[in-house]
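Take these sequences, add in the hints, and give me the full structure.
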Amino acid sequence: MAQKPQTFDSNTKYGTLETLRTPGHRFDNLQGYSFRPNYITIDGLRMHYIDEGPENGQVILLLHGEPTWAYLYRHMITQLADKGYRVIVPDLIGFGRSDKLLHTSDHTYARHVDWVKEFVVSMELENITLFVQDWGAYIGLVVAAEAEERFDRILLSNGGLPNGENTPLGFHLFRLSVSLVGEHFPIKLAMQLGTFFPLSLKEKWAYVAPFPNTYYTAGPDIFDDLVPTSPDMPGAAKNKEVWKTFENWQKPFLTVFGDADFVLGTLDKEFQERVPGAQGQPHRRLKFGGHFIQEDLPHILSDELDKFIQNN
Numbered sequence: 387m388a389q390k391p392q393t394f395d396s397n398t399k400y401g402t403l404e405t406l407r408t409p410g411h412r413f414d415n416l417q418g419y420s421f422r423p424n425y426i427t428i429d430g431l432r433m434h435y436i437d438e439g440p441e442n443g444q445v446i447l448l449l450h451g452e453p454t455w456a457y458l459y460r461h462m463i464t465q466l467a468d469k470g471y472r473v474i475v476p477d478l479i480g481f482g483r484s485d486k487l488l489h490t491s492d493h494t495y496a497r498h499v500d501w502v503k504e505f506v507v508s509m510e511l512e513n514i515t516l517f518v519q520d521w522g523a524y525i526g527l528v529v530a531a532e533a534e535e536r537f538d539r540i541l542l543s544n545g546g547l548p549n550g551e552n553t554p555l556g557f558h559l560f561r562l563s564v565s566l567v568g569e570h571f572p573i574k575l576a577m578q579l580g581t582f583f584p585l586s587l588k589e590k591w592a593y594v595a596p597f598p599n600t601y602y603t604a605g606p607d608i609f610d611d612l613v614p615t616s617p618d619m620p621g622a623a624k625n626k627e628v629w630k631t632f633e634n635w636q637k638p639f640l641t642v643f644g645d646a647d648f649v650l651g652t653l654d655k656e657f658q659e660r661v662p663g664a665q666g667q668p669h670r671r672l673k674f675g676g677h678f679i680q681e682d683l684p685h686i687l688s689d690e691l692d693k694f695i696q697n698n
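In my numbering, the protein residues as written are 387 to 698.
Derived from the structure by calculation, the hints contain no laboratory data. Note that this is a predicted model, so its numbers are computed, not measured. From the three backbone atoms N, C-alpha and C, an ideal C-beta is built for every residue, glycine too. Be aware that a few hints might be false.
Unchecked claim - In the PhoX-like style, the derived pairs of lysine-lysine whose C-alpha atoms are separated by at most 25 Å in a straight line are:
{"hint": "1", "residue 1": "K655", "residue 2": "K630"}
{"hint": "2", "residue 1": "K626", "residue 2": "K469"}
{"hint": "3", "residue 1": "K574", "residue 2": "K673"}
{"hint": "4", "residue 1": "K655", "residue 2": "K469"}
{"hint": "5", "residue 1": "K574", "residue 2": "K590"}
{"hint": "6", "residue 1": "K590", "residue 2": "K503"}
Unchecked claim - Have a look at the derived ranges for each label pair, beta carbon to beta carbon:
{"hint": "7", "residue 1": "W591", "residue 2": "F674", "range": "21 to 31 Å"}
{"hint": "8", "residue 1": "H669", "residue 2": "N513", "range": "20 to 30 Å"}
{"hint": "9", "residue 1": "A623", "residue 2": "Q665", "range": "39 to 49 Å"}
{"hint": "10", "residue 1": "P662", "residue 2": "P391", "range": "42 to 52 Å"}
In structure tokens form, the structure reads like this:
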């Protein structure tokens, strides 16, 4: 067992949380990643974010899930910024360069929604094009529903809005397979299982860089257990209400899923059928796109996002 690193107390609206901060050198010389880090204090916690492209460019907000961080979007950040967009990518609390919570019990679905919403408001983001995947969708779709006036359009990829009903079998199988590996979430294994094309050793290292040892991994360790897979779980009832918002959502809504995502790859049809803003949109399923489709097909995703904005 690694020696417990120094922790510090963060005073939040949820009480005093014991937190850690990943040493900066862990992020030196990552393959394909050289973006300037930015930080903002959200509810007493330091949240990291990437902010690239012209300051007056149209805002694209990219939200990651588990167990990833802004590194997942490294290719898309450059491609979209080069097209003139302002690209913003926060690291969720507990992930990437953001503060880590020592205790898994300090992570809740509602808190993460609250922290991301506070980030959007504190950054004064408006006319947002939202791109979400995995937990980025679980969180981001709720934020968009609660701050609808700030969002112009949404592109959903390999994600959903869980309310305890009809959880994909692939998710249950994935969670079971991960639990059999051990007590802690197997980040490298999950990243390789979730991509169609092999990751290099350096790319796999970049995904474990935020977590020097298991004291830092409360986020990845608990996130799967926070997904509302039954109606009585926290977040399930609220998401049923959020679904009502999306059943009246008239703004453009596009799904671009990977056909090789065995975890959440079946959820696109529900949005196409239930969201009015999805009607008539050129929804796609991309060949060779795994769960972490941003790794497999970043150029195609960037082009799809650009076309979506230009046409809507």
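Practice task
Of all the hints given earlier, name the ones this structure violates by number, lowest first.
Solution key: Hints 2, 4, 6 and 9 contradicted; others consistent.
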